[in-house]
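Visitor: Model the full assembly from the supplied sequences, consistent with the hints where possible.
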Amino acid sequence: MSNQSESPNPTSSSNKITLKTSDNEVFEVEEAVAMKFCTVKQYFDDENNNNVTSGTSTTLIPLPNVESHPLAILITYCKKHLEIKANNADNKKEMEIDMEHYEREFLKNVMPQELTELILAANYLNFKEALDFFCRAVASAIQNKSVEYVRKFFGLESDFKPGEEEKLREEFAWSFEGVDED
Amino acid sequence: MAEAERKRLRSKPELPEECMREIVSRLNPKEWCRGCAVSQKFREACESDENWVRFLPPDWLAILSRSSAHLHFTSFKQLYLHLSDNPILIDANSMVILFCSVMFLEISCWLLDWLCLASKPLLV
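Top to bottom, those sequences are chains H and E.
If you use full-length UniProt numbering, the first sequence corresponds to residues 1 to 182, in order.
If you use full-length UniProt numbering, the second sequence corresponds to residues 1 to 124, in order.
No lab work stands behind these hints, which were simulated from the structure alone.
Fair warning: this is a prediction, and the values are worked out from it, not measured in the lab.
Some hints here could point you the wrong way.
[As the list claims (entries may be wrong)] Using 27 Å as the maximum straight-line C-alpha spacing, the simulated DSS-like pairs for lysine-lysine come out as follows:
1) 167/H to 41/E
2) 128/H to 41/E
3) 145/H to 108/H
4) 108/H to 93/H
5) 152/H to 167/H
6) 145/H to 41/E
7) 92/H to 128/H
8) 128/H to 79/H
9) 161/H to 41/E
10) 16/H to 79/H
11) 79/H to 92/H
12) 80/H to 93/H
13) 128/H to 41/H
14) 152/H to 41/E
15) 41/H to 92/H
Guide: The following block contains the structure:
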């Protein structure tokens, strides 16, 4: 078995970008991963434009609205996303199948509460693919569920005027038929 | 952000409106009708024209203009639900019917299907 220096990870030579979360954790990620986060990309591009001459590769990007927990998950998701894309560069159908498979597995390890946190982070980072995936996941989690379940899921409360909710329930009574048990 | 604020968010993160809209847009007419009773904000997202129009045929305007029915609607939700209760006849001589089904999530029904005329959504 060859030692590590003889078989370097092909991606290890790429530029790294350091992200610092609101809870002061530092993540060093490959540029390709960081650039999927449009907010980071924007920051990175602006920095580069402002410091053309600096030439340093130690960019540290603060993420005051993202905690380390969701960020770690988003980085893992992003890496896998890029990997699947690279592996199926010439076959979109295969890529979609692999991605679906990965996403199904992914959801097995995520609590519904975490999804909200992930959406917030993906939204702040403007990471479109992840945002789409998490929104789809939440939509399917609340699909065919009762109004009470949806409120609890999002931490919402009924804020209707007296009688208004009852009226809506009556008007759309048929849509309340056959919903899942909470 | 203060530690206390972070803790609060962690215990009950509240989604901004745009995220709520993104999620709601991935549901369907039946969910949107029920979702109206969740909260005011959720209702707004559930009633968005952008969502409902996706469940109408892309050329809905051209189709409606081929019907003798005079439809008055102020939102696509209203139009969709109206069509699901009241199929309309288009091109009277060729007997094509436009129909939306909220229960089966069909976009439209082009065939002359007498079942469609049992206007009320069939409950499963």
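Visitor: Is it true that the CA of residue 79/H sits at most 27 Å from the CA of residue 92/H?
Guide: holds, 18 Å
Visitor: Holds or violated: are the alpha carbons of residue 41/H and residue 92/H at most 27 Å from each other?
Guide: It holds: about 25 Å lies between the C-alpha atoms, which stays within 27 Å.
Visitor: Against the 27 Å threshold, does the CA-CA distance of residue 128/H and residue 41/H hold or violate the hint?
Guide: holds, 13 Å
Visitor: Does residue 161/H pair with residue 41/E here, judged by a C-alpha cut-off of 27 Å?
Guide: holds, 14 Å
Visitor: For the pair supplied as a hint, residue 167/H and residue 41/E, confirm whether the alpha-carbon distance does not exceed 27 Å.
Guide: Measuring from Cα to Cα gives roughly 17 Å; hence the hint holds.
Visitor: Does the structure keep residue 128/H and residue 41/E at a Cα separation of 27 Å or less?
Guide: Distance ~23 Å between residue 128/H and residue 41/E Cα, so the pair holds.
Visitor: Given the hint that residue 145/H pairs with residue 41/E, does the C-alpha gap stay at or below 27 Å?
Guide: holds, 18 Å
Visitor: Given the hinted pair residue 16/H and residue 79/H, is their alpha-carbon gap at most 27 Å?
Guide: Measuring from Cα to Cα gives roughly 14 Å; hence the hint holds.
Visitor: Straight-line Cα separation of residue 152/H and residue 41/E no greater than 27 Å?
Guide: Status holds; Cα separation ~15 Å.
Visitor: Can the restraint linking residue 152/H and residue 167/H be considered satisfied, given a maximum Cα separation of 27 Å?
Guide: holds, 21 Å
Visitor: CA of residue 128/H to CA of residue 79/H, is that 27 Å or under?
Guide: holds, 14 Å
Visitor: Check the hint pairing residue 108/H with residue 93/H against an upper bound of 27 Å on the C-alpha distance.
Guide: holds, 23 Å
In terms of the numbered hints stated before, the structure departs from none.
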